[in-house]
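Trainee: Each chain, written out:
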Amino acid sequence: MDGLSVRIGSLLLKNPVMVASGTFGYGEEYAQLIDLNKLGAIVTKSITLKPRLGNPQPRLWETQGGLLNSIGLQNVGLATFVDEKLPYLQKYDTRIIVSITGESVVEYCQLAQALKKETFDALEVNISCPNVQHTKKGLFAQDKDLSYEIVRKVKRLSRKPVIAKLTPNITDIGIIAKACEKAGAEAIAVVNTFNGLAVDIKTKKPIFSNIVAGLCGPAIKPLALYKVYEVKKAVNIPVIGMGGIMDMNDALEFIITGATSVAVGVGNFVDPKIPLNIIRGLQNYLNSNQYKNIKQIIGSLEC
Amino acid sequence: MLQAKCRVLANSLICGNFFKLVLQNKSIAAQAKPGQFINIRVDKGQDLLLRRPLSIYLAKDDKLEIIYKVVGRGTDKLAQVKEQEKLDVIGPLGNGYTLTAGKALLVGGGTGIASLVFLAAALKTKFNSVPTVLIGAKSKEDLLCFTALEKIGCAVKAATADGSVGFHGLVTELFREIVAIFSTHPSMVYACGPRPMLRELVRLCRHFRIPCEISLEEHLGCGVGACLGCVVKGAKNEYLRVCKEGPVFKASEVIL
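These protein sequences, in sequence, are chains A and B. Using the working numbering, the first residue of the first sequence is number 24, and each one after it goes up by one. Using the working numbering, the first residue of the second sequence is number 13, and each one after it goes up by one.
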């Protein structure tokens with residue numbers, strides 16, 4: 024399936040289909056249901072320096088064609104990740120992208136430093152989780168200077184390809200994407216969840232204790248697609264597109280818009296076979312349309 | 013754990029707003045243990061994204077039976093599924109009840125009784141002893157599984173909120189009366205039902221010093237432990253996944 028291989032900066036993927044951070048745990052959770060070796064890459068749950076408890080219940084709220092979540096980055100923390108979770112993933116013939124997130128620039132640096140000697144393929148710098156406190160003003164990925172600083176420092180410390188994961192909750196995502204490109208990011212992941220609200224009409228209170236929660240799923244697909252379009256216009260590095268991708272047609276829309284790679288998120292909950300169905304579908308699409316290579320389609324949007 | 017398209021052998025109203033779903037799948041049925049659940053995709057389209065987790069009522073040969081109540085859009089959709097259609101199922105999932113020898117007392121509320129029927133049958137098979145079962149319901153029409161439990165050979169007692177049959181009051185009040193009367197306490201309590209019922213039952217078990225296992229219900233995202241959406245507070249102040257560490261927990265493991 025060489026026609027499906029793509030390059031994300033210095034990172035070569037056997038196919039463009041990844042599973043998105045936060046929807047696939049540390050990989051092991053899905054190993055009984057699908058062959059992890061077939062995936063282009065696995066992006067881990069975002070890791071923090073210390074284990075994180077996460078937010079109180081409720082954490083999930085189903086909406087029409089979507090899912091609101093407020094998990095609050097519950098994760099095992101760096102030490103357990105390195106000791107237990109990473110060795111498990113290393114057994115598989117797929118790219119491992121470790122997602123990291125911190126409460127401060129220093130914490131991102133400490134994570135990058137600590138992970139330097141570990142064996143994996145790339146770092147995803149998650150500067151866009153809507154369910155935890157970043158700065159007093161908002162998310163890191165809503166501030167171009169902080170985005171630049173975090174990506175720059177992580178890049179210098181880690182020597183691994185760095186992917187910056189951005190928030191769509193911003194007027195001009197292109198400005199942030201450019202700052203990350205300038206800071207040395209090899210790719211931009213577009214996008215994290217959209218800010219959403221759900222209300223309990225009996226109590227007149229928000230469903231989530233944080234009020235805001237992140238919306239994902241097919242409901243956000245056109246919105247995410249437009250963010251990919253905006254980022255693609257702003258930068259020259261590869262874009263990893265995600266947001267409500269449920270089948271091959273969805274993936275193609277992202278690829279045509281300019282995504283070099285795509286990630287399946289909540290689709291994994293709907294049907295764990297979706298990523299593999301997309302890979303198979305893309306190969307058939309190439310064959311039946313006489314394309315030798317998926318690169319012929321990436322960014323082929325005619326405007 | 014596996015994913016399979018299962019043929020629907022039956023899906024019919026049994027009483028009140030309760031349905032029985034019979035699915036055909038040998039592999040899932042063979043693996044299933046009492047207290048485990050299956051995760052069913054109820055919407056082939058993209059409106060309701062999440063699967064619906066339902067605990068297993070019976071698993072025998074190639075049949076898997078589920079009892080569910082229509083409570084929202086997902087179960088409403090499930091109730092419309094016709095015989096011979098196929099449903100996408102992942103299961104069996106989660107940790108079930110620990111089967112222990114001795115005098116067991118089972119306490120179920122609402123559809124929570126379903127997984128306890130599977131447990132009662134398993135206890136009988138394994139230890140040749142039948143447990144006593146207390147069933148709580150709103151009224152006579154909502155009383156589930158009474159006959160099925162009697163067939164297994166269990167002593168069954170009902171509690172209804174409106175007093176239309178059996179004990180007039182909550183099943184936890186019935187539990188308290190029964191345990192207080194008997195000089196020998198049950199060696200183990202297994203319970204499944206609404207959160208307030210479980211909370212009170214756990215409190216009583218602690219009071220009477222009876223070990224207790226409870227099966228929890230929660231909104232699930234992935235059902236396999238990946239998304240961390242379905243957590244419950246653990247005794248060490250950590251969050252435990254209902255779908256993975258549960259749905260059955262020792263009462264001492266969790267804070268309800």
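Just to be clear, a hint being listed does not mean it is correct.
Unchecked claim - EDC-like, lysine to aspartate or glutamate: derived pairs with alpha carbons at most 20 Å apart:
#	chain 1	residue 1	chain 2	residue 2
1	A	K159	A	E130
2	B	K152	B	E185
3	B	K81	A	E130
4	B	K56	B	E97
5	B	K256	A	E253
6	A	K296	B	E185
7	B	K98	B	E153
8	B	K256	A	E130
9	B	K89	A	E51
10	A	K296	B	E250
11	A	K108	B	E250
Worth flagging that the hints you see were computed from the coordinates, not collected in a lab. Computed from a predicted model, the values in this text were never measured in an experiment.
Trainee: It remains to establish, for every hint, whether it holds in the given structure.
Mentor: Consistency of the hints with the structure:
{"no.": "1", "hint": "K159/A <-> E130/A", "verdict": "holds, 17 Å"}
{"no.": "2", "hint": "K152/B <-> E185/B", "verdict": "holds, 17 Å"}
{"no.": "3", "hint": "K81/B <-> E130/A", "verdict": "violated, 48 Å"}
{"no.": "4", "hint": "K56/B <-> E97/B", "verdict": "holds, 12 Å"}
{"no.": "5", "hint": "K256/B <-> E253/A", "verdict": "violated, 40 Å"}
{"no.": "6", "hint": "K296/A <-> E185/B", "verdict": "violated, 47 Å"}
{"no.": "7", "hint": "K98/B <-> E153/B", "verdict": "violated, 30 Å"}
{"no.": "8", "hint": "K256/B <-> E130/A", "verdict": "violated, 30 Å"}
{"no.": "9", "hint": "K89/B <-> E51/A", "verdict": "violated, 31 Å"}
{"no.": "10", "hint": "K296/A <-> E250/B", "verdict": "violated, 31 Å"}
{"no.": "11", "hint": "K108/A <-> E250/B", "verdict": "holds, 19 Å"}
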